[in-house]
Amino acid sequence: MIDYKLLEALSAVVEHGGFERAGDAMGISQSAVSQRLRSLEVRIGQPVLIRSPVPHATPAGQRLLNHVQQVRLLERDLAQSIPTLVETASRLRIALNADSLATWWADAISTFCQQEGVLLDLVIEDQDIGLQKMREGDVAACLCSSPQPVAGARCVPLGTMVYLPLATDDYQARYFPEGPTPESFRHAPVIVFGPNDQLQHRFLAQWGYHGRFPYHLCPSSEGFVRLAVSGMGYGMIPEIQARRELESGVLSRIVPDGQLDVPLYWHFWRHGGSLMDRLTDALLAAWKP
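My numbering puts the sequence shown at residues 204 to 492.
If you are wondering where the hints come from, they were derived from the structure by calculation, not from laboratory data.
Incorrect hints may appear among the rest.
[Claimed, not checked] If you anchor each label on the Cβ, the simulated ranges turn out as follows:
#1 231 - 363: 40 to 48 angstroms
#2 446 - 280: 36 to 44 angstroms
#3 480 - 365: 26 to 34 angstroms
#4 453 - 419: 16 to 24 angstroms
#5 414 - 314: 24 to 32 angstroms
#6 259 - 386: 37 to 45 angstroms
#7 477 - 426: 35 to 43 angstroms
#8 355 - 317: 24 to 32 angstroms
#9 242 - 399: 34 to 42 angstroms
#10 363 - 224: 36 to 44 angstroms
For glycine and all other residues, C-beta sits at the position ideal for the given N, C-alpha and C.
All chains, please: the whole structure from these sequences, using the hints.
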């Protein structure tokens with residue numbers, strides 16, 4: 204049996220991004236955290252952590268972190284059936300995309316969190332890469348666009364988010380006077396969420412354009428819309444997030460009927476206990492894009 208204090212030390216270092224912050228979270232010294240990790244590596248006979256400026260787990264460490272996530276959920280179920288046990292899984296660490304967080308997520312999850320007494324630790328990642336956090340053992344569940352589950356996890360299709368290429372009329376008159384053309388795509392400034400955001404590339408590929416384009420980086424879903432409304436660029440914005448701007452005419456599509464449909468899949472550990480089953484049911488029931 205592995206001492207779970209050692210596993211918690213590994214989890215804390217990865218989740219908090221360093222030994223000092225991990226020690227603060229666990230209420231122990233930085234050297235004590237380091238000692239527990241050394242003991243864990245001696246116990247399993249191989250490194251579990253790459254000690255870079257931002258520490259991250261080795262493949263063996265990732266498997267241990269996956270194990271920790273599932274044990275936390277199972278211990279919560281056990282605490283509910285044996286009240287004398289201290290409930291230890293009061294936090295759920297979940298990876299999801301910023302657009303879901305800015306639109307439908309809070310309404311879907313609020314009742315569940317209140318009824319279950321759960322605190323969330325949300326990790327914001329692009330919908331195309333969020334699943335990597337689950338593979339690394341950093342989160343207990345993930346909302347992303349990939350239908351391929353991690354080994355030992357379940358994947359449930361949740362719904363589809365519709366993205367529209369939106370900009371102001373003045374912006375479109377300035378950069379798209381003749382409509383969407385390779386030349387206009389080459390020079391029109393774009394708003395991109397981050398370096399891993401591929402929605403813009405997929406949209407342009409629909410129109411046969413694969414070249415370069417000027418862009419603003421804006422890692423904020425709300426700020427993304429603000430930049431578009433200010434006329435700084437056009438971007439792929441969720442339809443549910445831009446309904447008010449569309450109805451008022453502040454924003455409109457740069458291409459008639461242009462859109463991208465992005466499916467969302469909910470991933471969670473197969474042996475994560477009944478809490479994850481109830482959370483999944485809540486998300487499915489509340490999905491109203």
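Right, here's what the structure says about each hint:
no., hint, result
1, 231 - 363: 40 to 48 angstroms, "holds, 46 angstroms"
2, 446 - 280: 36 to 44 angstroms, "holds, 40 angstroms"
3, 480 - 365: 26 to 34 angstroms, "holds, 28 angstroms"
4, 453 - 419: 16 to 24 angstroms, "holds, 18 angstroms"
5, 414 - 314: 24 to 32 angstroms, "violated, 47 angstroms"
6, 259 - 386: 37 to 45 angstroms, "holds, 43 angstroms"
7, 477 - 426: 35 to 43 angstroms, "holds, 38 angstroms"
8, 355 - 317: 24 to 32 angstroms, "holds, 29 angstroms"
9, 242 - 399: 34 to 42 angstroms, "holds, 36 angstroms"
10, 363 - 224: 36 to 44 angstroms, "holds, 38 angstroms"
Comparing the model with each numbered hint stated earlier shows that hint 5 is the single one that does not hold.
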